[in-house]
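Enquirer: Whenever a hint applies, use it, and build me the whole structure from the sequences.
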Amino acid sequence: MVRRVLVGAALVLAASACRPNPECYSADECGEGLACVAQTCVAFDGGTVEPTWYEVVQPIVEQRCWNNGMCHVRPVQPPIPMALETWADTQVDSTVPGSKVFQQMGLRVVDLVNPMPPRGQTGLLPEEARAIERWAALGAPPGNPNGADGGVGSDGGVVNSGPIAGAGPLTEVATGFFALGAPAWGAASGNLVFTDHAQDTVFYLPPGGTPQVLLRPSQEAAGTGTDPQGNLLIAQYAARQVVRLTPAGQETVIANYQGARLNGPHDVVARADGTVYVTDPDFGLGPRTAELAFNGLFRVPLGGAAPVLHWQGQTGSSGPAGLELSPDEGTLYLTDRVTGEVTRFGVATDGALGAPTPFATTSGRPDGVTVDNTGNVYVATAAGVQGFTATGQPLGLIATPEAATGVAFGGVSLDTLFVTTGTTLYRVDMPVAGVAR
Numbered sequence: 000m001v002r003r004v005l006v007g008a009a010l011v012l013a014a015s016a017c018r019p020n021p022e023c024y025s026a027d028e029c030g031e032g033l034a035c036v037a038q039t040c041v042a043f044d045g046g047t048v049e050p051t052w053y054e055v056v057q058p059i060v061e062q063r064c065w066n067n068g069m070c071h072v073r074p075v076q077p078p079i080p081m082a083l084e085t086w087a088d089t090q091v092d093s094t095v096p097g098s099k100v101f102q103q104m105g106l107r108v109v110d111l112v113n114p115m116p117p118r119g120q121t122g123l124l125p126e127e128a129r130a131i132e133r134w135a136a137l138g139a140p141p142g143n144p145n146g147a148d149g150g151v152g153s154d155g156g157v158v159n160s161g162p163i164a165g166a167g168p169l170t171e172v173a174t175g176f177f178a179l180g181a182p183a184w185g186a187a188s189g190n191l192v193f194t195d196h197a198q199d200t201v202f203y204l205p206p207g208g209t210p211q212v213l214l215r216p217s218q219e220a221a222g223t224g225t226d227p228q229g230n231l232l233i234a235q236y237a238a239r240q241v242v243r244l245t246p247a248g249q250e251t252v253i254a255n256y257q258g259a260r261l262n263g264p265h266d267v268v269a270r271a272d273g274t275v276y277v278t279d280p281d282f283g284l285g286p287r288t289a290e291l292a293f294n295g296l297f298r299v300p301l302g303g304a305a306p307v308l309h310w311q312g313q314t315g316s317s318g319p320a321g322l323e324l325s326p327d328e329g330t331l332y333l334t335d336r337v338t339g340e341v342t343r344f345g346v347a348t349d350g351a352l353g354a355p356t357p358f359a360t361t362s363g364r365p366d367g368v369t370v371d372n373t374g375n376v377y378v379a380t381a382a383g384v385q386g387f388t389a390t391g392q393p394l395g396l397i398a399t400p401e402a403a404t405g406v407a408f409g410g411v412s413l414d415t416l417f418v419t420t421g422t423t424l425y426r427v428d429m430p431v432a433g434v435a436r
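Residue numbering for the sequence shown follows numbering that gives the first Met the number 0, starting at 0 and increasing by one per position.
The hints are simulated quantities; they were obtained by calculation from the structure and are not laboratory data. For glycine and all other residues, C-beta sits at the position ideal for the given N, C-alpha and C. Errors might be hidden in some of the hints.
As the list claims (entries may be wrong) - Label pairs and their computed distance ranges (CB to CB):
(1) 158 <-> 373: 14 to 24 angstroms
(2) 374 <-> 315: 30 to 40 angstroms
(3) 288 <-> 248: 23 to 33 angstroms
(4) 345 <-> 246: 29 to 39 angstroms
(5) 167 <-> 258: 48 to 58 angstroms
Expert: So this is what it looks like as structure tokens:
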């Protein structure tokens, strides 16, 4: 087994195949051609290998992988900037020499878990390679105005302006998570809702409190939203559906398209009339078998009508992720984690979408997206939260120590910007307010 692991911008190779020797603590104790993995000397024969899933610990980083195919990073002390939300999907199925680099980086495998078959991908995915390059360009030592260590900074030479320039500091609210994302403000309850699909949990943050479990298990909840009645909408990877939690119980919003199960819905947003929009990428599939041959953006009309496919992308070269409506609900924004682009669609009075048009290019791996009440757009990206005007002009960057995964306005006055990374929930006081939905 060989696995590529990303630390900062460095690629590390890990190898294992067993020969008992539980007392080893370094490759030097094992002899030529062997490495010390999980305190066991293991051999690397230079042949074709397949990935498996494991937990890796380094003095400053903890990585956990699960059988659903996702691996996530949790900085210990001190935190390090990460180019990507996860180390997942960097699967290797080729001959890789020099496995002792694994030991030289001070990593050790501490817990092997059940292997799962590869998903047919080899080496770095194109979007990951692009994100690494962009991160290298953005990287800076602590205190640099570029802000790679977290805080408000410039975005690739763009001087911060508008609400980004007036934003307060990035403040930690809670940490210790592994795959945090999808913050959504519950105006009726005054709670922030967010997910950690690696922990199979939906959390809520009460005013002035600490995160509490709202739903566990959550069927690998990924995205959240609210409908006009204040009910919670949840996009579930494992169940491959979007559900609505109501006082009367749970009901399914969308699970199939023309008889085929969805891939794994990632995000969901609802209009004031109750029309629901859903992204359905293949990166939420994990070991599950695809029944659709594409990634999609769906509309669920009112009255229980069949879902409408408004956009489709090729699997592997598209990654529809975050969704948000403009303040007047005349525009729908869609982020794509693979291409790094944000696309917009005109929204008709009946909720139907027009043709997609380019809106903005991000620094890489865009995910969650939100808007303020003046129409500015905020996108969670590999570099942090990037701001854009309603016409797509860049406003700058609120940098985060890790890749940002989600963003939402909340608080009593809706002027607190909540930001998630894989491990941590942050808040930023803003000079503008979000949109009450």
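Enquirer: If a hint holds in the structure, say so; if it doesn't, say that too.
Expert: These are the hints, each one checked on the structure:
no.: 1; hint: 158 <-> 373: 14 to 24 angstroms; in the structure: 19 angstroms, holds
no.: 2; hint: 374 <-> 315: 30 to 40 angstroms; in the structure: 33 angstroms, holds
no.: 3; hint: 288 <-> 248: 23 to 33 angstroms; in the structure: 29 angstroms, holds
no.: 4; hint: 345 <-> 246: 29 to 39 angstroms; in the structure: 35 angstroms, holds
no.: 5; hint: 167 <-> 258: 48 to 58 angstroms; in the structure: 50 angstroms, holds
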